[in-house]
Amino acid sequence: MGNYLRNIWETITTMLTGMRVTFQHLWLIRRNNVTLQYPEERWPRPERDIGFDHSNYNVIRSRLHVDIDDCIGCLKCERACPVDCIKIDTVKVPNRGEDIHSIGHTGITANGTKKAMVVSRFDIDMSECCYCNLCVYPCPEECIYMTGGPNSEKHEIDYEFSQYDRNDLIFRFAKKVSDEEIESATSISSERES
Amino acid sequence: MGIVKGDQMVLNIGPQHPSTHGVLRLKVVTDGEIVSDIEPIIGYLHRCFEKHCENSTYEQVIPFTDRCDYIASMNNNFGYVVAMEKLMEIKVPDRVEYIRIIMAELNRIASHLLALGVYGLDVGAFTPFLYMFRDRERILDIFELTCGARLLYNYMWVGGVSHDLPVGFVETVYGFLDYFEPKLKEYNEILTYNKIFIERTADVGVLPPEVAISYGVSGPNLRGSGVKWDLRKDEPYSIYERFDFDVPIGEGTVGTTGDCWDRFYVRMLEMTESAKILRQALKDLPQDGDVHQAIPKKIRPPKGSIYQRTESPRGDLAYYIISDGSPQPYRLKMRSPAFTALSVLNEISRGWMLSDVIAILGSLDIVLGEIDR
Ligand code: SF4
Ligand code: SF4
Numbered sequence: 001m002g003n004y005l006r007n008i009w010e011t012i013t014t015m016l017t018g019m020r021v022t023f024q025h026l027w028l029i030r031r032n033n034v035t036l037q038y039p040e041e042r043w044p045r046p047e048r049d050i051g052f053d054h055s056n057y058n059v060i061r062s063r064l065h066v067d068i069d070d071c072i073g074c075l076k077c078e079r080a081c082p083v084d085c086i087k088i089d090t091v092k093v094p095n096r097g098e099d100i101h102s103i104g105h106t107g108i109t110a111n112g113t114k115k116a117m118v119v120s121r122f123d124i125d126m127s128e129c130c131y132c133n134l135c136v137y138p139c140p141e142e143c144i145y146m147t148g149g150p151n152s153e154k155h156e157i158d159y160e161f162s163q164y165d166r167n168d169l170i171f172r173f174a175k176k177v178s179d180e181e182i183e184s185a186t187s188i189s190s191e192r193e194s
Numbered sequence: 001m002g003i004v005k006g007d008q009m010v011l012n013i014g015p016q017h018p019s020t021h022g023v024l025r026l027k028v029v030t031d032g033e034i035v036s037d038i039e040p041i042i043g044y045l046h047r048c049f050e051k052h053c054e055n056s057t058y059e060q061v062i063p064f065t066d067r068c069d070y071i072a073s074m075n076n077n078f079g080y081v082v083a084m085e086k087l088m089e090i091k092v093p094d095r096v097e098y099i100r101i102i103m104a105e106l107n108r109i110a111s112h113l114l115a116l117g118v119y120g121l122d123v124g125a126f127t128p129f130l131y132m133f134r135d136r137e138r139i140l141d142i143f144e145l146t147c148g149a150r151l152l153y154n155y156m157w158v159g160g161v162s163h164d165l166p167v168g169f170v171e172t173v174y175g176f177l178d179y180f181e182p183k184l185k186e187y188n189e190i191l192t193y194n195k196i197f198i199e200r201t202a203d204v205g206v207l208p209p210e211v212a213i214s215y216g217v218s219g220p221n222l223r224g225s226g227v228k229w230d231l232r233k234d235e236p237y238s239i240y241e242r243f244d245f246d247v248p249i250g251e252g253t254v255g256t257t258g259d260c261w262d263r264f265y266v267r268m269l270e271m272t273e274s275a276k277i278l279r280q281a282l283k284d285l286p287q288d289g290d291v292h293q294a295i296p297k298k299i300r301p302p303k304g305s306i307y308q309r310t311e312s313p314r315g316d317l318a319y320y321i322i323s324d325g326s327p328q329p330y331r332l333k334m335r336s337p338a339f340t341a342l343s344v345l346n347e348i349s350r351g352w353m354l355s356d357v358i359a360i361l362g363s364l365d366i367v368l369g370e371i372d373r
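Those protein sequence lines, which keep their order, are chains A and S. Take the first sequence: its position 91, counted from the start at 1, is 91 in the working numbering, and no numbers get skipped. Take the second sequence: its position 332, counted from the start at 1, is 332 in the working numbering, and no numbers get skipped.
Hints may contain errors.
Computed list of lysine-lysine pairs in DSS-like fashion (alpha-carbon distance at most 30 Å, straight line) [unchecked claim]:
no., chain 1, residue 1, chain 2, residue 2
1, A, Lys114, S, Lys298
2, A, Lys76, S, Lys228
3, A, Lys76, S, Lys298
4, S, Lys297, A, Lys92
5, S, Lys283, A, Lys76
6, S, Lys283, S, Lys298
7, A, Lys114, A, Lys175
8, S, Lys183, A, Lys76
9, S, Lys333, S, Lys228
10, A, Lys92, S, Lys298
11, A, Lys114, A, Lys176
12, S, Lys283, S, Lys228
13, S, Lys233, S, Lys195
14, S, Lys276, S, Lys303
15, S, Lys183, S, Lys333
16, A, Lys114, A, Lys92
17, A, Lys87, S, Lys298
18, S, Lys91, S, Lys283
19, A, Lys87, A, Lys114
20, S, Lys283, S, Lys51
21, A, Lys76, S, Lys195
22, A, Lys87, S, Lys51
23, A, Lys114, S, Lys283
24, A, Lys92, A, Lys175
25, A, Lys76, A, Lys175
26, S, Lys333, S, Lys27
27, A, Lys87, S, Lys297
28, A, Lys76, A, Lys92
29, A, Lys76, S, Lys185
30, S, Lys51, A, Lys76
Residues of chain A placed beyond 10 Å of chain S at every Cβ, according to the derived structure [stated by the list, open to error]:
no., residue
31, Glu10
32, Thr14
33, His25
34, Val34
35, Pro39
36, Glu41
37, Arg61
38, Val91
39, His101
40, Ile103
Treat the hints as calculated values from the structure; they're not laboratory data. Beta carbons are placed, not taken as given, at the ideal position from N, Cα and C, and that holds for glycine.
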């Protein structure tokens with residue numbers, strides 16, 4: 001009987017202790033509130049100034065972006081990807097570093113490298129991407145990066161991109177030109193060369 | 001599973017059930033409310049981790065290790081990179097070692113917070129779960145600040161870490177610790193010493209030390225049974241020998257040694273120890289040193305094999321890597337602590353009520369991503 005009553009007593013006291021903790025939170029609800037009214041309020045993204053002089057440091061992982069004019073088509077990012085969600089096709093150009101205006105191809109990257117390839121297809125399927133960031137590091141031209149990184153002034157931080165159709169998650173970065181156009185453009189310039 | 005007798009019934013729990021912590025199916029033979037046999041059926045989350053690794057380069061394996069134990073990804077990365085560095089005989093800079101320890105211990109706290117909070121949920125206490133999740137969120141914020149990802153980090157690389165610490169990181173973690181340590185008292189008040197919670201967990205599902213050892217159970221589950229075995233102490237890897245911390249074990253405070261409450265409480269105490277390690281690591285963290293310095297250009301380990309064990313929040317996590325000298329592993333095997341913990345479930349839950357099985361399963365803290373791989 002004594003044991004029975006003690007159990008009841010302990011249950012009530014420990015429950016009241018728990019209640020005290022919860023009520024403390026209730027009184028301090030304004031100060032200790034951690035819930036965010038999401039679509040109206042947004043969590044601030046962490047400060048990206050990491051204080052080091054590494055241009056390829058990229059802290060936010062939201063969405064991949066490619067500065068296609070700078071891409072030389074070296075396929076390093078494609079090879080680094082563990083899930084093979086980057087698909088790149090390239091066509092050789094006859095003259096390294098020459099602009100081909102008809103398909104909007106610039107010959108020289110921002111870093112000054114002469115391009116030997118026209119990137120005719122650069123697709124990233126963001127629904128397959130596992131956001132591992134492995135493709136960002138090997139790029140010699142630093143042109144593939146997660147938006148919100150060191151180039152955040154160029155792009156809005158886009159961490160909630162969503163689409164109605166899954167196909168819209170395939171981002172096509174290469175300029176839209178058909179194979180024939182590329183063929184004729186590259187052959188024209190090679191004819192001119194000969 | 002033997003023959004089901006006339007007055008017995010086979011009951012399926014799962015594969016989709018909130019108490020199974022993932023996609024686990026339990027085939028339970030019950031006699032009324034009393035459980036007479038349990039057969040866990042796994043494999044619903046199998047993603048061919050080990051086979052995938054044979055077709056990936058050594059760098060590409062790291063994102064896959066993240067996805068095994070997705071609650072404690074840092075610790076999974078840690079085990080893999082420690083194994084690889086031993087195989088390739090890389091000496092990593094001190095700063096990297098300290099950063100790794102800080103990340104691993106933060107993730108241990110995060111993982112235990114989730115385990116304990118969800119355990120409260122399993123036995124019917126909703127509020128502690130919310131509080132623990134709130135505090136876990138702070139740790140995830142620290143990770144996001146450091147490497148941009150909240151759950152699957154790909155942070156530790158062979159020979160280094162992917163990002164150096166951001167400015168103000170040390171203060172942020174100190175701030176978190178100052179906030180977190182008093183909270184432990186709050187958790188104890190609201191859940192640990194609650195009489196209803198004790199009644200649900202004390203003396204339930206006792207795992208005797210001999211059974212635990214013979215099944216290969218490790219980590220907090222083993223320590224809950226009173227065996228003082230922690231790889232950080234007994235087989236130090238990385239730089240754990242430099243830190244001063246205790247290995248808490250279960251003592252049967254409110255019941256028998258090795259019951260669910262002990263396994264729960266060991267995790268609670270371990271968070272204090274992790275906080276202790278964190279404080280020491282933050283104090284000694286070297287200020288300079290390039291975190292990318294020791295990363296090899298091409299990861300191409302020599303022919304050979306390595307078996308390296310590390311202490312993940314769930315126990316003895318080991319990688320067995322066979323290299324044939326090519327940039328891809330010939331074979332990669334992961335020894336999962338949650339798998340052995342699940343295998344002991346049948347042994348310790350026979351004879352208990354059905355609702356106790358949920359309590360026992362929760363106390364083992366399994367992660368199905370790691371069991372199925
Ligand atoms: S982030 Fe990872 S998964 Fe995504 S495209 Fe880059 S390498 Fe592939
Ligand atoms: S690594 Fe950079 S330059 Fe090379 S193909 Fe990829 S985006 Fe283009």
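Results for each hint:
{"no.": "1", "hint": "A:Lys114 - S:Lys298", "result": "holds, 26 Å"}
{"no.": "2", "hint": "A:Lys76 - S:Lys228", "result": "violated, 48 Å"}
{"no.": "3", "hint": "A:Lys76 - S:Lys298", "result": "holds, 13 Å"}
{"no.": "4", "hint": "S:Lys297 - A:Lys92", "result": "holds, 28 Å"}
{"no.": "5", "hint": "S:Lys283 - A:Lys76", "result": "violated, 40 Å"}
{"no.": "6", "hint": "S:Lys283 - S:Lys298", "result": "violated, 34 Å"}
{"no.": "7", "hint": "A:Lys114 - A:Lys175", "result": "holds, 18 Å"}
{"no.": "8", "hint": "S:Lys183 - A:Lys76", "result": "violated, 48 Å"}
{"no.": "9", "hint": "S:Lys333 - S:Lys228", "result": "holds, 27 Å"}
{"no.": "10", "hint": "A:Lys92 - S:Lys298", "result": "holds, 28 Å"}
{"no.": "11", "hint": "A:Lys114 - A:Lys176", "result": "holds, 22 Å"}
{"no.": "12", "hint": "S:Lys283 - S:Lys228", "result": "holds, 27 Å"}
{"no.": "13", "hint": "S:Lys233 - S:Lys195", "result": "violated, 34 Å"}
{"no.": "14", "hint": "S:Lys276 - S:Lys303", "result": "violated, 40 Å"}
{"no.": "15", "hint": "S:Lys183 - S:Lys333", "result": "violated, 38 Å"}
{"no.": "16", "hint": "A:Lys114 - A:Lys92", "result": "holds, 12 Å"}
{"no.": "17", "hint": "A:Lys87 - S:Lys298", "result": "holds, 23 Å"}
{"no.": "18", "hint": "S:Lys91 - S:Lys283", "result": "holds, 22 Å"}
{"no.": "19", "hint": "A:Lys87 - A:Lys114", "result": "holds, 22 Å"}
{"no.": "20", "hint": "S:Lys283 - S:Lys51", "result": "violated, 41 Å"}
{"no.": "21", "hint": "A:Lys76 - S:Lys195", "result": "violated, 60 Å"}
{"no.": "22", "hint": "A:Lys87 - S:Lys51", "result": "holds, 23 Å"}
{"no.": "23", "hint": "A:Lys114 - S:Lys283", "result": "violated, 49 Å"}
{"no.": "24", "hint": "A:Lys92 - A:Lys175", "result": "holds, 16 Å"}
{"no.": "25", "hint": "A:Lys76 - A:Lys175", "result": "holds, 20 Å"}
{"no.": "26", "hint": "S:Lys333 - S:Lys27", "result": "holds, 28 Å"}
{"no.": "27", "hint": "A:Lys87 - S:Lys297", "result": "holds, 24 Å"}
{"no.": "28", "hint": "A:Lys76 - A:Lys92", "result": "holds, 17 Å"}
{"no.": "29", "hint": "A:Lys76 - S:Lys185", "result": "violated, 52 Å"}
{"no.": "30", "hint": "S:Lys51 - A:Lys76", "result": "holds, 24 Å"}
{"no.": "31", "hint": "Glu10", "result": "violated, 4 Å"}
{"no.": "32", "hint": "Thr14", "result": "violated, 5 Å"}
{"no.": "33", "hint": "His25", "result": "violated, 8 Å"}
{"no.": "34", "hint": "Val34", "result": "violated, 5 Å"}
{"no.": "35", "hint": "Pro39", "result": "holds, 19 Å"}
{"no.": "36", "hint": "Glu41", "result": "holds, 15 Å"}
{"no.": "37", "hint": "Arg61", "result": "violated, 4 Å"}
{"no.": "38", "hint": "Val91", "result": "holds, 27 Å"}
{"no.": "39", "hint": "His101", "result": "holds, 38 Å"}
{"no.": "40", "hint": "Ile103", "result": "holds, 34 Å"}
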